[in-house]
Amino acid sequence: MRGIVSEANNSEAFSEAKMSDVAVIGGGINGCALAYELAKKGVNATVFEKGYLGSGATGRCGGGIRQQFDTEDNIRLVMESVKIFEKMEKELGYDIEYDQGGYLVLAHSDEEKERFKKNVELQRSMGLGVNFLEKEEIKELCPILDVDGAKAVGATFCQTDGHANPFRVTEAYAKNAERLGAEIKTFTEVKGIKKEKRFEIITEKEKMFADVVVNAAGCYSKQIAEMVGVKLPNKPYRHEILATESLKPVLKPMIISFMDGIYFCQHKTGQIVGGIGNPDEPSGINTESSFWFLEKMASTITRYIPSFKNLNVLRQWAGMYDVTPDARPILGKTNVKNFFVVCGFSGHGFMVAPVTAKLMSELIVDGKTSMPIDNLSIERFKKGVIRKEGAVVG
Amino acid sequence: MRISEHPILSFDRGKKITFLFNGKKISAYENETVASALTAAGINVLSRSIKYNRPRGFFCGIGKCSSCLMTVDGVPNVKTCVTPVKDGMVVESQDGKGNLPENKEFKSKKETLHADVAVVGAGPAGLSAAITASKHGADVLLIDENPVAGGQLIKQTHKFFGSKEHKAGVRGIEIAKLLLNEIENSNVNLLLNAGVIGYYKDNSHMLAVVQNSKLIKVYPKKIIVATGASENMLAFPGNDLPGVVGAGGVQTLMNVYGIRPGNSVLMVGAGNVGLIVSYQLMQAGINVKMVVEALPKIGGYIVHAAKLRRLGVPILTSHTVKNAYGNGRVEGARIVKLENWKETGEGFDVDVDLICLAVGLTPTCEILFQAGCETKYIPELGGWVARHDRNLETSIKGIYVAGDCSGIEEASTAMMEGRIAGMDAAEKLGFKIDEKEKKDAFENLKTLRSGPFGEKPRIGKEKMWGRK
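Residue numbers (this note's numbering), protein chains in the order written: chain A, 1 to 394; chain B, 1 to 468.
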């Protein structure tokens with residue numbers, strides 16, 4: 001049996017509006033990757049994107065791909081994702097500017113050091129090639145970093161972590177999805193969803209019927225879910241980021257610190273790209289750039305790498321994190337039949353998209369997944385937050 | 001390649017100096033920029049493209065493109081076209097990306113400035129806005145990223161048209177002197193070598209300005225953006241060869257620095273800019289082989305075209321450049337005839353070492369868009385512009401536009417717009433203005449736009465204001 005989709009396809013056809021098996025709301029990395037995975041399974045998907053592809057959080061993110069998390073779910077998801085990223089250029093036929101320069105995660109206190117050592121133990125037990133580094137070893141691995149300036153007392157390092165270009169990955173998925181028959185509608189905002197026998201997707205331009213709806217709308221997921229009466233606990237938060245002028249390669253790994261809330265790396269274009277979190281940022285949708293960020297980022301990054309004082313900032317911009325109470329994504333079914341959610345990535349949507357798309361396509365088409373995702377279901381919040389992801393940055 | 005004799009201009013080059021370029025000694029003058037001095041020394045390749053390592057040469061000459069980025073005294077990605085050359089300077093071409101400087105000593109300074117009105121850009125519009133606002137009592141800060149004020153006026157050797165109030169019959173360079181003189185005798189605080197890097201909301205308007213290594217936070221009550229425009233590029237194979245130069249860039253080299261950008265030139269575009277610059281090229285002793293224009297008719301004033309024709313320069317309408325060729329720099333171009341915008345025949349080659357592009361301008365609106373001003377696409381105004389009312393105020397209260405960044409026109413209308421914006425800003429700040437003066441400014445602007453060549457901006461502005 002081919003699950004929900006084939007079942008629904010047997011019902012009578014609607015003549016007045018177009019028909020799609022699956023309507024995916026959101027043309028970010030998750031929506032496009034899902035459309036591709038569904039198309040690979042022969043399922044006809046339509047992506048609705050209110051702007052251009054990647055115009056939300058995807059195109060505004062730093063492109064980092066990190067496996068060094070402290071909850072098993074996140075570690076497992078990104079480890080599987082990395083396997084896909086490693087073969088992506090070949091599978092999708094696109095240069096995605098993928099670079100496995102590693103992630104260097106800095107510890108600033110003995111307490112953090114101990115916690116990191118435990119994380120390494122957990123990560124290694126799951127098969128991740130990660131090491132704990134003492135202060136001297138950090139200098140050896142990343143000579144440009146001023147370890148004292150960064151106030152680092154230790155670090156963890158995983159070579160297979162890295163980064164890729166979010167626009168290129170999104171485009172690669174979208175183009176391949178279209179090639180396999182998916183339809184992608186940009187500048188098409190979903191204004192409403194009616195649930196009757198099927199879902200009726202209402203946009204300014206047209207109506208469309210679908211058997212299945214997937215909510216991959218990033219920081220707008222909460223509003224989309226409300227259209228069918230599903231309540232999500234997600235909250236949107238602004239995060240800011242900047243890019244400098246291009247340089248010859250000077251920095252191999254992505255450097256991050258949970259204490260300072262900073263992350264930065266050098267992209268293949270030569271630009272240093274990074275951001276820093278504002279602990280006082282209020283919840284709300286806001287993509288304005290602040291001067292606070294520019295000053296904070298500049299003063300912090302130059303403490304880490306003093307020679308960056310010579311660099312010009314080319315651009316700064318802001319995007320939205322779609323944050324859940326435990327900083328882990330919400331994946332899977334909801335109490336509305338055939339309405340699925342792929343949201344709440346809390347700043348990590350890009351890195352896990354390849355695997356979540358695969359798993360969601362399995363759930364939608366086959367009714368079961370090759371990797372357990374029950375822990376990430378929306379049901380978990382009924383019991384209260386049990387285990388919060390601690391490795392969050394930016 | 002320096003011009004020794006010029007019918008209109010004399011060049012104050014300053015003292016002779018020497019600098020190093022890729023280890024070789026180059027002679028130059030202290031009043032030149034790095035890129036102009038290198039061009040004078042016959043060096044065409046200033047940088048290489050990051051992705052495909054293609055050679056790039058002098059193009060815009062006003063710090064708006066990126067084809068002259070070089071490493072200067074160890075600092076990478078320096079815009080050498082706006083960087084004054086200094087004795088003993090070490091200039092190195094970059095193989096694509098630059099190297100991170102080792103130097104960790106970097107003293108950053110901070111400053112905070114307040115003003116009634118901040119004017120961004122000291123070209124004809126900005127200068128007029130600053131003078132006007134200041135005259136009415138406002139405390140004005142005028143900011144420009146270039147080492148000298150005057151914008152494009154300082155390279156306009158031709159006489160302006162229009163009536164006496166519009167400074168008709170006066171050369172642009174003379175108008176620039178008059179305006180700069182007025183600034184000098186006013187209370188306007190002029191900030192040169194200062195780039196606005198961003199607009200922020202910090203309870204009120206805030207502009208972040210970088211001057212050398214100093215960060216200045218400017219808190220103005222009103223902002224007048226007069227950032228001008230940038231040269232349009234034309235898509236054809238070989239358009240990035242050194243020797244393909246924007247009309248503004250050519251004017252900068254010839255008329256500001258007295259440097260010949262080449263020996264023989266193909267001019268692309270027969271609008272006023274193409275025609276005027278062709279004539280200026282001849283004044284600088286450069287052989288203008290021909291002017292090609294893709295449209296079926298000459299776009300500029302007939303008097304400019306007639307001057308060229310009298311001197312034997314062919315102006316080919318319905319013709320365009322198909323491709324440029326050359327080894328490391330322009331050696332020639334293939335010209336083709338167009339019929340209904342379609343290429344006909346095989347065309348012919350023209351041997352030139354310079355292809356000058358005069359194919360229009362695009363308003364420089366980045367700061368307006370970043371601030372969040374409402375935008376509108378109006379082809380007659382040069383593309384995307386910030387919506388503004390008749391007083392030049394945008395959708396954000398207290399942010400004004402004036403000159404080419406409000407829609408492409410010319411210097412006379414830019415000065416008038418600057419005046420109106422300056423007056424309106426002053427009035428809204430509570431300063432008394434003369435109603436007649438404001439009315440006259442509107443009348444003047446109307447007159448300037450009333451001729452057949454004012455048609456495009458007139459239609460453009462009417463589209464913005466919602467009238468057919």
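Everything labelled a hint here was simulated from the structure, so no lab data went into it. Be a bit skeptical, because a hint or two may be false.
Unchecked claim - Cβ-Cβ distance ranges computed for the label pairs, FRET-style:
1. B:Glu102 / A:Lys135: 18 to 26 Å
2. A:Pro279 / B:Ala235: 31 to 39 Å
3. A:Trp292 / B:Pro237: 44 to 52 Å
Positions of the beta carbon are idealized from the N, C-alpha and C atoms, including for glycine.
A quick look at each hint next to the structure:
1. Between B:Glu102 and A:Lys135 the beta carbon distance is about 23 Å. The supplied range of 18 to 26 Å therefore holds.
2. Restraint check, A:Pro279 to B:Ala235: a C-beta distance of roughly 48 Å breaks the suggested window 31 to 39 Å.
3. Taken as a hint, the range 44 to 52 Å holds for the pair A:Trp292 and B:Pro237, whose Cβ atoms sit roughly 47 Å apart.
In terms of the numbered hints stated before, the structure departs from hint 2 and from no other.
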